[in-house]
Structure formats: C-alpha cells, structure tokens
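> Spelled out, the chains give:
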Amino acid sequence: MITLEAYFDYVILPILAISVMLVFIRLYRGPAVVDRVIALDLIITIGTGIITVYSIRTNQKVLLDVAIILALIAFLGTVAFAYYIEKQKDD
Amino acid sequence: MIEVILAILSTVGALSILFASIGILRMPDFYLRLSVTVKASTLGVGLLLICAAIMFPDVSVTTKAIAILFFLVITAPVAAHMIGRAAYFTDTPLWKGTIVDELNGMYNEDTHKLESNPDKIPPTASDNDSNIATTEEETK
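Line by line, the protein sequences are chains A and B.
Numbering-wise, the first sequence is residues 1 to 91 according to the working numbering.
Numbering-wise, the second sequence is residues 1001 to 1140 according to the working numbering.
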C-alpha cells in the first residue's frame, strides 16, 4: 500500500519539477520578449502549485501565504511587462 | 477515502500542468503558446489548491486556498489578454499555417483602438500586409 506522502514525494513533485524545467527551456530560447514573459508567468504559477503541494506534504499551512504573494506577483509582473512593451512600440 | 480523492485531484492537476509546459515548448507560435498555457496551468494549480483545501481540516486554510483560486481565475485571463494585445501591437509574427487574421487592419495604430469598420481607420495608419510568418523558423 502506497502512502499519500510517498505518492506526493515520488510522483507529483517530480512531475511539477520536470514542468518547470521544460518551461525554462522556452524562457531561454525566446524568440521574442513576450514569449519570455509568458514563460516567466507560467514558472511563477507552477511555483504556486509546488508551494501548495509542499505545504500539504509538510503539514505547514503558513506556506499558503507565500502562494498568495506569488500569485499576486505573477499577475502584476505580466501586466507591467505588457504595459511597457506596448509603450515601447510607440516611441 | 479522502486519500483517494486527494490522489486523483493532485494527479489530474500535476498532469495538466505538465501538458501546459509541454505546450509552451512545442506550440509553433506565440499566440498558440499563450492559449495553451493560461487555461491548462490555471486548471492544474486550481486542482492542487482544492487538494490543500480538502486536506487541512481548518476553516482558515480552506478560505485561503479558495481565495488564491479565486484570484488566479480572475487575473489569469486579464494578464493573458494584455500580453496578447501587446504582442499583436509589437508585430509578433503569426504561425505560417494561419488561415485568417481577423484583426489585421482593424486596429488604429496611433490610438490603439479597435474599430469594427475598417473604413474608419486612416489608410496611412493601417498597413494591409498581414503579419503571418513565411517560414517556420520565424516563430519557433
């Protein structure tokens, strides 16, 4: 019988880690700035998921506060990037 | 029983996040990558947050997880729309297999306003050459 802790450790967290690595390839390759922006946004969103799984795994509910902040930063960062990329075109 | 529910929810969530990251790597142009990642990653993280809400027998944690989920569902489409709009204005090329580009010539390039009638847009501002890439390498 597999325990839920072992399942989180050996299946869920590795899948999420591989996902971050795949997105990082896109962050490295580009080709445009906007591709990098959505790759960064996706990395932060997956980070929110990893923090959630980790807080379930270690039974520490305080870590969910960090997930709130990360979700906020992801939104603000993407909106700021979009705003300034659009401004840059006009100049 | 509750462990089975948690296992199923977290598996579906992790797999949809994995599909989102495969999609951002494999899709041929920016707009397809955007449409793949936003929906799948919101679903995946949402399911993982529902896992946390079920797991902790505490009202404060459930409230917090639902608040993050609500915030994510509200903000992800807004951010995706803004970055997609910025990409269209900065002439990010579309995939070479694109059949129709309905926004072509519909945006006033000076004021960034969308018009439904293309005659209202000054002809100097709207160029008629569409932004579809000619080679696969341009968008890769």
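Do not take every clue at face value.
Pair by pair, the computed Cβ-Cβ distance ranges are [claimed, not checked]:
no., chain 1, residue 1, chain 2, residue 2, range
1, B, T1011, A, L72, 21 to 31 Å
2, B, N1108, A, V79, 53 to 63 Å
3, A, V33, B, E1109, 11 to 21 Å
4, B, E1003, A, I18, 17 to 27 Å
5, B, E1109, A, I18, 12 to 22 Å
6, A, I2, B, I1099, 41 to 51 Å
7, B, V1100, A, M1, 47 to 57 Å
8, B, N1117, A, R36, 29 to 39 Å
9, A, T58, B, T1090, 35 to 45 Å
In silico DSSO-like pairs for lysine-lysine, Cα to Cα no more than 30 Å straight-line [claimed, not checked]:
no., chain 1, residue 1, chain 2, residue 2
10, B, K1120, A, K61
11, B, K1039, B, K1096
12, A, K87, B, K1039
13, A, K61, B, K1140
14, B, K1096, A, K61
15, A, K87, B, K1096
16, B, K1140, B, K1039
17, B, K1064, A, K87
18, B, K1140, A, K87
19, B, K1039, B, K1113
20, B, K1064, B, K1039
21, B, K1120, A, K87
22, A, K87, B, K1113
23, B, K1096, B, K1064
24, A, K61, B, K1039
25, B, K1064, A, K89
26, B, K1096, B, K1113
27, B, K1096, B, K1140
28, A, K61, B, K1113
No lab work stands behind these hints: they were computed from the structure.
Built from N, CA and C at the ideal position, the CB exists for glycine as well.
> When you check the alpha-carbon spacing of K1140(B) and K1039(B), does it fall within 30 Å?
holds (21 Å)
> Between the alpha carbons of K1096(B) and K1140(B), is the straight-line distance 30 Å or under?
holds (11 Å)
> Straight-line Cα separation of K87(A) and K1039(B) no greater than 30 Å?
holds (27 Å)
> Has the hinted range 41 to 51 Å been met by the Cβ atoms of I2(A) and I1099(B)?
holds (48 Å)
> With the threshold set at 30 Å, check whether the alpha-carbon distance from K61(A) to K1113(B) stays at or below it.
Violated: K61(A) and K1113(B) sit about 46 Å apart, past 30 Å.
> K1120(B) and K87(A): Cα distance at most 30 Å?
holds (24 Å)
> Check the following: the C-beta atoms of T58(A) and T1090(B) are separated by a distance inside 35 to 45 Å.
Between T58(A) and T1090(B), where Cβ atoms are some 43 Å apart, the hint holds.
> Can you let me know if the beta-carbon spacing of T1011(B) and L72(A) is within 21 to 31 Å?
Distance hint for T1011(B), L72(A) holds at roughly 28 Å.
> Taking 30 Å as the top limit, are the C-alpha atoms of K61(A) and K1039(B) close enough?
At roughly 26 Å apart (the allowed maximum being 30 Å), K1039(B) and K61(A) satisfy the hint.
> Under the criterion that the straight-line Cα-Cα distance not exceed 30 Å, is the pair K1140(B), K87(A) satisfied?
OK: K1140(B) and K87(A) at ~25 Å, within 30 Å.
> So if I understand the rule, the pair passes when the alpha-carbon distance is 30 Å or less; does K87(A) with K1113(B) pass?
Satisfied, since the Cα-Cα distance of roughly 14 Å is no more than 30 Å.
> Given the hinted pair K1039(B) and K1113(B), is their Cα-Cα distance within 30 Å?
Status holds; Cα separation ~26 Å.
In the structure shown, a violation is registered for the earlier hints numbered 2, 5, 10, 13, 14, 17, 23, 25, 28, in ascending order.
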